[in-house]
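> These are the residues of each chain, in order.
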Amino acid sequence: MKTEFILEAALAIQQIILANENALESLDREIGDGDHYINMKRGATTVAEMQADLAPLKPDEALNKIGLKLLSTIGGASGPLLASFFINMAKVLKEKGHESNLKIATAFASGVQAIIQRGKAGIGEKTMLDVLIPVSNQFVLLATQNCDIKLICTSLIHTAEQGMLSTKDLIATKGRAAGLGERAIGHIDPGARSCQLMIETVCKLVLDK
Amino acid sequence: MKKFINNVDNVLVESLSGFAKAHSDLVELNLEPNFLTRAEKAQNKVAIISGGGSGHEPLHTGYIGYGMLDAACPGHVFTSPTPDQMLMAAEAVHADKGVLFIVKNYAGDVMNFEMAAEMLPFEHATVLISDDCAVVNSTYTTGRRGVAGTVIVEKCVGSLAETGADLQACKALGDKVNNRTSSIGVALTSCTVPAAGRPTFDINETEIEMGVGIHGEPGRRRETMRLADEIIGDCVQTILMDFKTRNLQATKKHEVLLLVNGFGATPLMELYLIYNTAAKLLNLHNLEISRSLVGNYTTALDMAGASITLCLLDDEIKQHWDSPVHTAALRWGK
Chain S
290 MKTEFILEAA
300 LAIQQIILAN
310 ENALESLDRE
320 IGDGDHYINM
330 KRGATTVAEM
340 QADLAPLKPD
350 EALNKIGLKL
360 LSTIGGASGP
370 LLASFFINMA
380 KVLKEKGHES
390 NLKIATAFAS
400 GVQAIIQRGK
410 AGIGEKTMLD
420 VLIPVSNQFV
430 LLATQNCDIK
440 LICTSLIHTA
450 EQGMLSTKDL
460 IATKGRAAGL
470 GERAIGHIDP
480 GARSCQLMIE
490 TVCKLVLDK
Chain B
196 MKKFINNVDN
206 VLVESLSGFA
216 KAHSDLVELN
226 LEPNFLTRAE
236 KAQNKVAIIS
246 GGGSGHEPLH
256 TGYIGYGMLD
266 AACPGHVFTS
276 PTPDQMLMAA
286 EAVHADKGVL
296 FIVKNYAGDV
306 MNFEMAAEML
316 PFEHATVLIS
326 DDCAVVNSTY
336 TTGRRGVAGT
346 VIVEKCVGSL
356 AETGADLQAC
366 KALGDKVNNR
376 TSSIGVALTS
386 CTVPAAGRPT
396 FDINETEIEM
406 GVGIHGEPGR
416 RRETMRLADE
426 IIGDCVQTIL
436 MDFKTRNLQA
446 TKKHEVLLLV
456 NGFGATPLME
466 LYLIYNTAAK
476 LLNLHNLEIS
486 RSLVGNYTTA
496 LDMAGASITL
506 CLLDDEIKQH
516 WDSPVHTAAL
526 RWGK
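Chains S and B, in that order, are what the protein sequence lines are. Adding 289 to a residue's 1-based position in the first sequence gives its number in the working numbering. Adding 195 to a residue's 1-based position in the second sequence gives its number in the working numbering.
No lab work stands behind these hints, which were simulated from the structure alone. Predicted, not measured: the structure shown is a model, and the values here were computed from it. C-beta: ideal position from N, C-alpha, C; glycine also. Just so you know, not all the hints are guaranteed correct.
[Claimed, not checked] The calculated lysine-lysine pairs, modelled on PhoX-like cross-linking and capped at a C-alpha distance of 25 Å, are:
#, chain 1, residue 1, chain 2, residue 2
1, S, K347, S, K383
2, S, K380, S, K392
3, S, K330, B, K198
4, B, K529, B, K216
5, S, K347, S, K439
6, S, K409, B, K366
7, S, K392, S, K498
8, B, K197, S, K330
9, S, K291, S, K347
[To be verified] If you want a taste of the chain S side facing chain B, the calculated C-beta under 8 Å gives, among others:
#, residue
10, E314
11, G321
12, I327
13, L360
14, G365
15, A366
16, P369
17, G408
18, K463
19, G464
20, L469
[Stated by the list, open to error] Computed Cβ-Cβ distance ranges for the label pairs, DEER-style:
#, chain 1, residue 1, chain 2, residue 2, range
21, S, D342, B, E425, 56 to 62 Å
22, S, N311, B, E286, 38 to 44 Å
23, S, A312, B, M464, 37 to 43 Å
24, B, E227, S, A312, 30 to 36 Å
25, S, D342, B, F199, 33 to 39 Å
26, B, V203, S, D342, 25 to 31 Å
27, S, P345, B, K236, 37 to 43 Å
This is chain B alone, in the form it adopts within the complex (with noise of 0.2 Å):
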C-alpha cells in the first residue's frame, strides 16, 4: 500500500481536520462524535442531514452548504457512522421544522440511522436511496444499493428544504428523485481501505467487475475488459432496462440527466469519453440528455472505473437541480 498516511488510525480525523480547515467558510467540523455542519446554521428550513462510511468522498461532506446538506455524519472508512453522531448533528442543525435523514440503503447504514432516528425527540423522516440497479431487489434481499445517485437527491431536497417546504414535501420529491433515477458501476482494479492495507478483491489486467458497488463489494458478473463503447453500452442498456422494468418513462420532453461519477483513480478524460459514448447511445433512444455532471462525485477510495446515473427529469426536478447551490464540491448560481 502506497498511501498518504501517518497513523492508519487517525487518516480520517486528519483528512476531516484537512476539509475543514479547507472550507471554514462553508463548515464546522465537530469531533467526537465526528460530523460536519454548516458554519452558518440554517433558520426556519427543514434540517437535512445524510451520512454514511467515508472513502466516498466529496459525499457527504462536500454537499454542505446553502442548497444542500445541513449536517454529514462521516463514518469509518466504508463504515457507516453510529447513532450518536446522527443524535448530535441533529440536534446541531434541528431549526424546528423537522429532520430528513438520507441514507444510502446498506444494512449498516439504514440500522444505525433507525436507532438515531429512534431516539430523536424531534419530528423526522428518511429518505432511503437504492438507485443501483445491479442489485436485483426482491423481498429477500436488502435490496438495491444507494450509490451516485444520492448526489442528485441531496441536491434537489436540499433546494426544496431552503423554500422552507415542510419534511412530507420534501421526502416526497426524495423519493421521487430516488425512484427515478438508476445507477450502474463497473470497476477496472479494486480500492485499498487503509486499516485493511490491501486491496479488497482482486482482479487482473484483463478483467473488469460489472456492477460493482462504492465499497468495491463485488457486482454480479466478472468480464473480460472490452472497447469502452462495449462496456458502457451494457450500462446504458441495463439502465433503461431497469427504467422499463419499473415501468418509468421520461416525461413529452424526454429529458434526462446524465451523471458520469468516476470512482476515484479514473482520469477526467476518461470520464468525457465515457459520456461522450452514453451521449451518443441515450439520443440514439431519443432521450435528450438536459443536464449533465461529469467528475469525481461518489468515489470509492482509489478504485479505478467509473458508474453512470440517469435520472428521468421533470419540470419539478430540472428546478430544483439548476437552483443555486454552494457547498465544496457543487457551486453554482450563488
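The following block holds chain S by itself, in its conformation from the complex (with noise of 0.2 Å):
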C-alpha cells in the first residue's frame, strides 16, 4: 500500500459520499436523527483537504493523521468509532508491516475490531458492522489463500452489499434507531450504507488500476 493510494481513496471517498447527500440523508431521517450525512461530510472533506500533509508520510503514519483529525472533527458515534478503525490500523501497518494483502488485511481487521471494542457492537445490531464485520472476515481468508488483489476487491464489494442490505430486516439495538423497536424494520441503516458506499469505492478504485 503506497500514501499515494490512501490519498486517491480519499479523494474518491469525499465525491461518493457527497454524491449521496440525498439518500443518507433519508435513510437517516427515517431511523435516525438526521446528522449521519452532515457528519460523514464534514470528515470526508476534511481528510480530502488534508493531501499536503498527508503526502510526504508513511502509510501507517497518514492513516493514523487521519484517525486523529477524525476524532477531532467529526464527533457524534461515527467520530470516535470510525477514529478507533485508522488508529488502529495504522498501529498494526506500522508494526507488521504493509507489503502483502494479507499483512494490509490482518490490519484493516485489527481496525474493525477497535469499532466493535469502542461500539460495544457485533453483527445484526443494525450497524456498520453489518457491513464491516463480514468483509473483515473476507478480505482476511482470501488474503489467507493469496487470492489475487482483484479478486479479493470484486469480492469484497459484494461482500459489503450483502451486508448492508442485511441491516434492512434488522431491529436496531444499538445507536439512536434503538428506541424504535419494530418501527425499524424495513429501512436500511445509515452507517451501514456509508461504509458499504465507502468499501466500494476503495474496491474500485483498485478494480480500475
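Could you fit the two chains together into a complex? Lean on the hints.
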C-alpha cells in the first residue's frame, strides 16, 4: 500500500459521500436523527483537504493522522468509531508492515476490532458492523488463500453490499434507532450504507488500476 | 426552512458568541476547540463538566456558573462534542479535586467522553444520565436516553460540588438523582437541523409522536392527536409505571419535583396547562409536588412538544435543589 493510494481513496470517498447526500439523509431521517450525512461530509471533506500534509508521510503515519483528525472533527458516534478504525489499522501496519495483502487485511481486521470494542456492538445490531465484520472476515480469508487483489476487491464489494442490505430486516439494538423497536424494520441503516459505499469506492479504485 | 441564519456553517459559532456576549459576567468562550467555562474559575472543588450536541439550549451552556457546571462542551447540532473539547475544558477548569463528566446516554456522547476520560491526566468519574422511560432498557440496547432530567442532576451535583465534597460523593449523588428521575416526551411537530434544511421526520396535523427523543428521533408509537388531559395522563402513567417497575418509591413525605419542559416551539401557556393537568393527576396518586420547574430547559431546536420529568425527592436532593445557583438559565438564592 502506498500513501499515494490513500490520498486517491480519500478524494474518491469524499466524492461518493457528496454524491449520496439525498440517499444518506433520507435513510437517517427514517430511523436516525438526520445528522449522519452532515457528519460524514464534514469528515470526508476534512480528510480530502489534508492531501499536502499527508503526502510526505508513510502509509501508517497517514492513516494515523487521518484517525486523529476524524476524532476531533466528526463527533457523534461515527467520529470515535471511524477514528478508532484508522488509528488501530495504522498501529498494526506500523508493527507488521504493509507489503502483502495479508498484512493489509490483518490491519483492516484490527481496525474493525477496535470499532467493535469502542461501540460494544457486534453483528446483527443494525450498524456499520453488519458491513465491516463480514468484509473484514472475507478480506482475511481471501488474503490467507493468496488470492489476487482484484478478485479480493470484487468479492469485498459483493460482501459489503450483502451486509448493507442485511440491515434492512433487523431491529436496531445499538445507536439512535435502538428506541424504535420493530419500526426500524424495513429501513437500511445509514451507517451501514455509508461504510458500504466507502468500501465499494476503495475496491473500485483498485480494480480500475 | 425559515430561520435566522447568515451562513449555515456558522450557526453554532455565531450563537455561542452571542451567548458569551450576553452573559459575559458568567461565562467565557473558547473557540477551536469549542468550550465554555465560568468567567471566574472556581477553586477547591470537583470540576463539573458536561456537554453534548447543540440544539438543546439552554442545556448545557446555560447551566454554567455558581452551583452548577464549571464548563460545557457544545458539539455540532445534535452531534456529540469531540474528545479534544472535553480535554481542553478539563485542563482549563480542574482544581485538583478531580473532574466529573455528566453525560447523556447516547452512543456518540458516551464514546467521545469515554475517549476523553481515557486521555485525561487527572482523577475523573462520569455520571451517565438515563432518565427517559420511553425507551425500554434491556441488555440488548444502548439503554435509556438522557433527557430533561439532566437539568436536575446538574443542579444537585453542582450544588454538592460547591461544598467541597469529593469526586466519589459527587458521582454518588449524580447517580442517585438520575436513578430517582424519570421523563417522557411527546412531539407535536418535527424539528429542522439547520444544516439539513428540512424537518427530521414527517408528522401530520393529526398525529403526535409519543416517547420522542430530544433529537426528534422517533419514540415508540405514533398516535392520533387527543385532548391534553389524555396525552398527559398517558405520560404520567408511563412515568409512575417506570418507578414501579424499578421498585422506586417516594419517601414518607411523598414529595416529588415536577419539571414540565418545552421542546422549543410550545408556548409557556401550554406548558402551564400541562402542569395543571399533571399536578391534578399526581395529587390523585398521593404525591405532593413540593418543587417545580416549568419552561424551556432541554429543547430540541424548533420542535413543538413537551416532556414531563418527575424526581422522587428526599431531604438530600431537596437541599441541593434549593441551594443557591447563578447561571444564565437557572438563578435563585444568590
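> Look at each hint and say if it fits the structure.
Against the structure, the hints:
A threshold of 25 Å between alpha carbons decides the hint, and for S:K347 with S:K383 the separation of about 9 Å falls inside it, so the pair holds. A distance of roughly 12 Å separates the Cα atoms of S:K380 and S:K392; the hinted pair therefore holds under the 25 Å criterion. Restraint check for S:K330 and B:K198: satisfied, since their Cα atoms lie roughly 22 Å apart, inside the 25 Å limit. Using a Cα cut-off of 25 Å, the hinted pair B:K529 and B:K216 holds, with the two alpha carbons roughly 21 Å apart.
A C-alpha spacing of about 24 Å is found between S:K347 and S:K439, which places the hinted pair at or below 25 Å, so the restraint holds. Of the pairs offered as hints, the one joining S:K409 and B:K366 holds, with about 23 Å between alpha carbons and a cut-off of 25 Å not exceeded. At roughly 20 Å between alpha-carbon atoms, S:K392 and S:K498 fall within 25 Å of each other, so this suggested pair holds. Distance hint between B:K197 and S:K330 is fulfilled; the C-alpha atoms sit about 23 Å from each other, no more than 25 Å.
Using a Cα cut-off of 25 Å, the hinted pair S:K291 and S:K347 holds, with the two alpha carbons roughly 8 Å apart. Checking S:E314 against chain B: minimum C-beta separation of about 6 Å stays under 8 Å; hint holds. Annotation: interface hint on S:G321 holds; nearest CB of chain B at approximately 7 Å, less than 8 Å. Because the smallest distance between the Cβ of S:I327 and any Cβ of chain B comes to about 5 Å, under 8 Å, the interface hint for this residue holds.
Given hint, S:L360 at the interface with chain B, holds; its Cβ is 6 Å from that chain's nearest Cβ, closer than 8 Å. Taken as an interface hint, S:G365 checks out: its beta carbon lies about 4 Å from the nearest beta carbon of chain B, inside 8 Å. For the restraint placing S:A366 at the interface with chain B, the shortest Cβ-Cβ distance is roughly 4 Å, inside the 8 Å limit, so the hint holds. Hint status for S:P369 relative to chain B: holds, with the closest Cβ pair at about 4 Å, below 8 Å.
Taking 8 Å as the C-beta contact cut-off toward chain B, the hint placing S:G408 at the interface holds, the least distance being around 7 Å. The interface hint given for S:K463 is met, as the beta carbon of that residue sits about 6 Å from the closest beta carbon of chain B, less than 8 Å. Nearest Cβ of chain B to the Cβ of S:G464: about 5 Å, under the 8 Å cut. The hint holds. Residue-level restraint check for S:L469 holds (minimum Cβ-Cβ distance to chain B is 6 Å; threshold 8 Å).
The hinted window of 56 to 62 Å between S:D342 and B:E425 holds, with their beta carbons roughly 59 Å apart. The hint said 38 to 44 Å for the Cβ distance between S:N311 and B:E286, and at roughly 41 Å that hint holds. At about 41 Å, the beta-carbon gap between S:A312 and B:M464 stays in the expected band of 37 to 43 Å. The supplied range of 30 to 36 Å is met by B:E227 and S:A312, whose beta-carbon atoms lie about 32 Å from each other.
Between S:D342 and B:F199 the CB atoms are about 36 Å apart, so this pair conforms to the stated range of 33 to 39 Å. A hinted range of 25 to 31 Å for the beta carbons of B:V203 and S:D342 is consistent with their spacing of about 27 Å. Roughly 41 Å separates the CB atoms of S:P345 and B:K236, a value that falls within the hinted 37 to 43 Å.
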